[in-house]
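Enquirer: The primary structure of each chain is shown beneath.
2 protein chains.
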Amino acid sequence: MEKILRIMMGPEDKPQAIDAPLGDYAGSGGRAMTSAIVAKEVPPLCHPLGAENKLVIAPGLLSGTTGAMSGRLSVGCKSPLTGGIKEANAGGQGAQVLARLGYAAIVLEGKPADDTLYFLYINKDGVKIIPDNGLRYLGNYDLVDRMKERYGDKITVISIGPAGERKMSAASVAVTDMELRPTRHAGRGGVGAVMGSKGVKAIVLDDTGLRMRPPKDPEKFKEANQTFVAGLKKHPVTGEGLPAYGTNVLTNVLNEAGGYPTYNFKQGRFDGAAKISGEAQAGLETKRGGLATHGCHRGCVIRCSGVYHDKDGHYLTKQPEYETVWAHGGNCGIDDLDTIAQLDFLDDNYGVDTIEMGATIGVAMEAGLLKFGDGPGAINLVKEVGQGTHLGRILGNGAAVTGKVFGVEHVPVVKGQAMPAYDPRAVQGIGVTYATSTMGADHTAGYAVTANILGVGGQVDPLKPEGQIELSRNLQIATAAVDATGMCLFIAFAVLDQPETFQALIDMINAFYGLNLTANDVVELGKSILKAERDFNQKAGFSAKQDRLPRFFQTEKLAPHQVVFEVKDEDLDTVFNW
Amino acid sequence: MEKILRIMMGPEDKPQAIDAPLGDYAGSGGRAMTSAIVAKEVPPLCHPLGAENKLVIAPGLLSGTTGAMSGRLSVGCKSPLTGGIKEANAGGQGAQVLARLGYAAIVLEGKPADDTLYFLYINKDGVKIIPDNGLRYLGNYDLVDRMKERYGDKITVISIGPAGERKMSAASVAVTDMELRPTRHAGRGGVGAVMGSKGVKAIVLDDTGLRMRPPKDPEKFKEANQTFVAGLKKHPVTGEGLPAYGTNVLTNVLNEAGGYPTYNFKQGRFDGAAKISGEAQAGLETKRGGLATHGCHRGCVIRCSGVYHDKDGHYLTKQPEYETVWAHGGNCGIDDLDTIAQLDFLDDNYGVDTIEMGATIGVAMEAGLLKFGDGPGAINLVKEVGQGTHLGRILGNGAAVTGKVFGVEHVPVVKGQAMPAYDPRAVQGIGVTYATSTMGADHTAGYAVTANILGVGGQVDPLKPEGQIELSRNLQIATAAVDATGMCLFIAFAVLDQPETFQALIDMINAFYGLNLTANDVVELGKSILKAERDFNQKAGFSAKQDRLPRFFQTEKLAPHQVVFEVKDEDLDTVFNW
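Chains as they are written, first to last, in numbering that gives the first Met the number 0: chain S, 0 to 577; chain B, 0 to 577.
Only chain S is shown next, with the shape it has when bound in the complex (with noise of 0.2 Å):
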């Protein structure tokens, strides 16, 4: 990771590839990288789909080493969907491998002269730029094939399907799993469009005769990794529950908890959300022969996806997460595994993200366009976006967008960015991350369903206001530094418990780079990512106004704890006085 890797598409000259030393950037990684690059090379008031905007992909600061759990991909630019900085990241195996090819970063950068599709293909030779048309179109998991049967099997593929090369504001980045499988996405703020914007298909990584990234002091890494990996598999979070029955475990929890937004975040529980629980699904998954219980990359131990078979035994989608099974299930009022399955699979290979299509769903079911449990409405719907209808750029370009042109005015967004699993009303820390995030509605920038919900890392009562600002803002100060890292943010449950795994995580990083970091210096790398963005952010014309959650949550009542969202205005602008 000793060098930064620039494609410049054009418009004047033909694209071409420069390596670039790091820099400023040096020591940067992961959220840290993207929104660094981002905040300083690109203008804040330029069009997200022009020349002057960039994409970043960037492993984090362990990614690419034995250390567990280190297998995320930061993917950031100016959001088409937001309007703002943005960083999405995603599991499978692209972060590992494109830090033993020895980068830092790749920056997608300028606009093609035309409209040529490319692909890079890059291993330890170097990078190649390569143009060809005939990948147009192509959904993530063809697109894949054909790789294969050029580069082999050995390879990852970063990639965006037909609704990125649309430049829709609900496209995703896919990144390759260990079966070559583009099931991973680094899905929110329409990355994918900013990716088929530049012209870029794909992005093909072959580390065949590369090693593992070395440590400056093995043994101290070896032994803090170690001490990591026993504190994962002792905490109930990471050492049962998403080994077991994956993130939709969250399904009964949350309904239980009166917190699960149900037909387009008009109630709290959904009738049906047994039959789509994790439970349920795991079970299914077993009887078919797929696995319930499957770790997305290299070096995971929590191993909380799965692969899902349909009914007659055949693969058809990787394991769908809470989120997803939220979005198109309890939020569209579908309460059928196998139709979740189907939406999974198609949102994958079109590479758009699974929230903001289930919310969109959502919102068409309210625009009155299906009716809300419409399980083969949806599918079709979904099918209208790969296709490129008129309709499916519509949805393609997510929920407030389809909200306007439909004239709905409830409308679960936040800075246009769809709102997770979580109905901020019974959930009110997740409400204050939400409104305040710098990335849109994003359940994953400040997780308060810890302590709210799940009693991780403290206790606040979720349906006051009480106690939610400090919540958020320390989680959305460590999740910046864990999206840093590279870690997969599912460590924070054992981080957020248990001190010593807290420790040992640093001292990785300290035994790796050589380092004598304390805990406060990673909580002030989380503000320094955080202030950086909320600069930028600012600059894109965002003022406190844009923190705040639609009105609707204010006024309506949240049926069965008959709750509005009570953090008060003046409370969420001081999220960011610290």
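Think of the hints as simulated: they come from the structure by calculation, not from any bench.
One should not assume that every hint holds.
As the list claims (entries may be wrong) - List time: in silico DSBU-like cross-link candidates among lysine-lysine, alpha-carbon distance up to 30 Å: (1) S/Lys123 / S/Lys147; (2) B/Lys544 / S/Lys538; (3) S/Lys567 / B/Lys538; (4) B/Lys463 / B/Lys556; (5) S/Lys538 / B/Lys530; (6) B/Lys2 / B/Lys123; (7) B/Lys233 / B/Lys2; (8) S/Lys382 / S/Lys556; (9) B/Lys2 / S/Lys110; (10) B/Lys567 / S/Lys544; (11) S/Lys370 / B/Lys13; (12) B/Lys544 / S/Lys567; (13) S/Lys567 / S/Lys463; (14) S/Lys265 / B/Lys110; (15) B/Lys382 / S/Lys382; (16) B/Lys567 / S/Lys538; (17) S/Lys556 / B/Lys544; (18) S/Lys13 / S/Lys147; (19) B/Lys123 / S/Lys544; (20) B/Lys110 / S/Lys370; (21) S/Lys286 / S/Lys382; (22) S/Lys2 / S/Lys463; (23) B/Lys556 / S/Lys544; (24) S/Lys2 / S/Lys110.
Use these hints to put chain B onto chain S, whose structure you have.
Expert: Chain B in isolation, oriented as in the chain S frame:
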């Protein structure tokens, strides 16, 4: 004008009409009235289509009197297009009749409990709120015919077409002219969508049996009015250019100046300009038995309107305005007046803003949906809007949404509202108005074309940044004040150049109301209106960063002058420092 009519549409109760006292709003008219009510009563962060927004319809201070030119009707709300405050005004008979009915404003409030469609009938005996789902999706022309059958031809109709019913952000509010044709529109900012969200299809006014509003000092009023009219007749723009050729007299002028935005703001001159100029249009109208000179309301002495007949000599539409001819003409590369006239008719009938629709079709052409110059294709697109197809819903929500849905970078909007017919690179003063107006890109908010191009009210080099801030600032202040009087903005040509005409306007107000206003009071009125609007917009989330043109105006040179927009950001931020 001693009361306000508040129509409570629900949702708790059946719609009901309440006569309310003027209270704090006494002495306000037109834009001063609409902006005061919106600023005071509408939560800035509410959804524009929700129950909390209000649609305010207000005649000007001098409407309903014998004063010349006092026929503008202001329509205000929180805009679904810009997200900020909105005032759009229209000619036609509405202001006069409403004022004579005694109403200083009609305010549509709340939201009906179901999707029943209503219309209001107001005469000297009172107000009726009549449910009539048979009106659904009627075009404005058919709607007016229906009302004529029912109430005779002494009525004035304020209405929305299918675009407003579908809550499209480009939807206008139509007002009938002297011939009871729905040809005058409060076009900008989606005011028609807000009327649609209130479930009100039409407001039918009948002032039979009511008299002109009496001045406090009839003699002085008459005298001032005579001086005022003489001033208008004397000035070359209002006395010669506008009567002879209508607003479209500007086509040749702007094209010559190199500021005529062509092919979606790609160049500043259009080869086909002469074919669609006001001179060509007036000739054609006269030849076919239409009218090249015509007033849009009783009391108009400029008479810049006209009547456009088709090839067979039958009425097709009113004389398309310069902005319309440009939007559907040069901006789309269309040089055929009959095509443009058909587009104008369709826009009026469906109830959409001609500027927004023309700009939107330009963006659709940019996106490759059809070729520049494709007149039949453009007509088909507008028909899609009228039919409410998926494509029509995209287009009907304006240029910004259309650009977003189709991934287009080159979208000429400010605050989400499409730019009118003057390229801000070649007419830099109007660029300052586009950027900073509280309304989004709006030429009427501060018509710097005067001193930049027409040599009215001084001379400021249109290609240079010097002097543009002051020019735009003063015009924005003056315009806000004029918009409060109910006066047609075209009086400004004479008022700017002839001190005695300006004084006559002040004398009219003083004589009518028994006041002693000075020129300075008029300036203060304008400032106070702008201040209320700016405050609202800030609370709605606008920062200085929304007071900017799209980046391409700074990066792409405009032929023939090879200029970019050169007014500095920090200077734009001083427009409202007075």
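Enquirer: Hint by hint, note whether the structure agrees.
Expert: Going through the hints against the structure:
Using a Cα cut-off of 30 Å, the hinted pair S/Lys123 and S/Lys147 holds, with the two alpha carbons roughly 18 Å apart. A C-alpha spacing of about 7 Å is found between B/Lys544 and S/Lys538, which places the hinted pair at or below 30 Å, so the restraint holds. Proposed proximity of S/Lys567 and B/Lys538 is supported: the alpha carbons are some 15 Å apart, at most 30 Å. Restraint check for B/Lys463 and B/Lys556: the C-alpha separation of about 14 Å stays at or below 30 Å, so the hint holds.
Taking the CA atoms of S/Lys538 and B/Lys530, the gap is near 23 Å; set against the 30 Å cutoff, the hint holds. Restraint check: the Cα-Cα separation between B/Lys2 and B/Lys123 comes to about 14 Å, which is no more than 30 Å; the hinted pair holds. Annotation: proposed proximity of B/Lys233 to B/Lys2 is violated, straight-line Cα distance about 37 Å (limit 30 Å). A threshold of 30 Å between alpha carbons decides the hint, and for S/Lys382 with S/Lys556 the separation of about 34 Å lies outside it, so the pair is violated.
Restraint check for B/Lys2 and S/Lys110: not satisfied, since their Cα atoms lie roughly 59 Å apart, outside the 30 Å limit. Restraint check: the Cα-Cα separation between B/Lys567 and S/Lys544 comes to about 25 Å, which is no more than 30 Å; the hinted pair holds. For the proposed pair S/Lys370 and B/Lys13, the alpha carbon gap of about 28 Å is at most 30 Å, so the pair holds. A threshold of 30 Å between alpha carbons decides the hint, and for B/Lys544 with S/Lys567 the separation of about 25 Å falls inside it, so the pair holds.
For the proposed pair S/Lys567 and S/Lys463, the alpha carbon gap of about 11 Å is at most 30 Å, so the pair holds. Only pairs whose Cα atoms come within 30 Å are accepted, and S/Lys265 paired with B/Lys110 is accepted, the gap being roughly 19 Å. Taking the CA atoms of B/Lys382 and S/Lys382, the gap is near 26 Å; set against the 30 Å cutoff, the hint holds. Distance check on the hinted pair: B/Lys567 and S/Lys538 sit about 15 Å apart at the alpha-carbon level, within 30 Å; holds.
As the CA atoms of S/Lys556 and B/Lys544 are separated by approximately 35 Å, the hinted pair breaks the 30 Å bound. Taken as a hint, the S/Lys13 and S/Lys147 pair is honoured in the structure, with Cα atoms around 26 Å apart against an allowance of 30 Å. For the given pair, B/Lys123 sits about 45 Å from S/Lys544 by alpha-carbon distance, which is inconsistent with the 30 Å threshold. For the suggested pair B/Lys110 and S/Lys370, the alpha carbons sit about 23 Å apart, so the restraint of at most 30 Å is met.
The suggested pairing of S/Lys286 with S/Lys382 holds, with an alpha-carbon distance near 29 Å, which does not exceed 30 Å. Simply put, S/Lys2 and S/Lys463 have alpha-carbon atoms about 48 Å apart, too far for the 30 Å limit, and the pair is violated. A C-alpha spacing of about 35 Å is found between B/Lys556 and S/Lys544, which places the hinted pair above 30 Å, so the restraint is violated. Proposed proximity of S/Lys2 and S/Lys110 is supported: the alpha carbons are some 22 Å apart, at most 30 Å.
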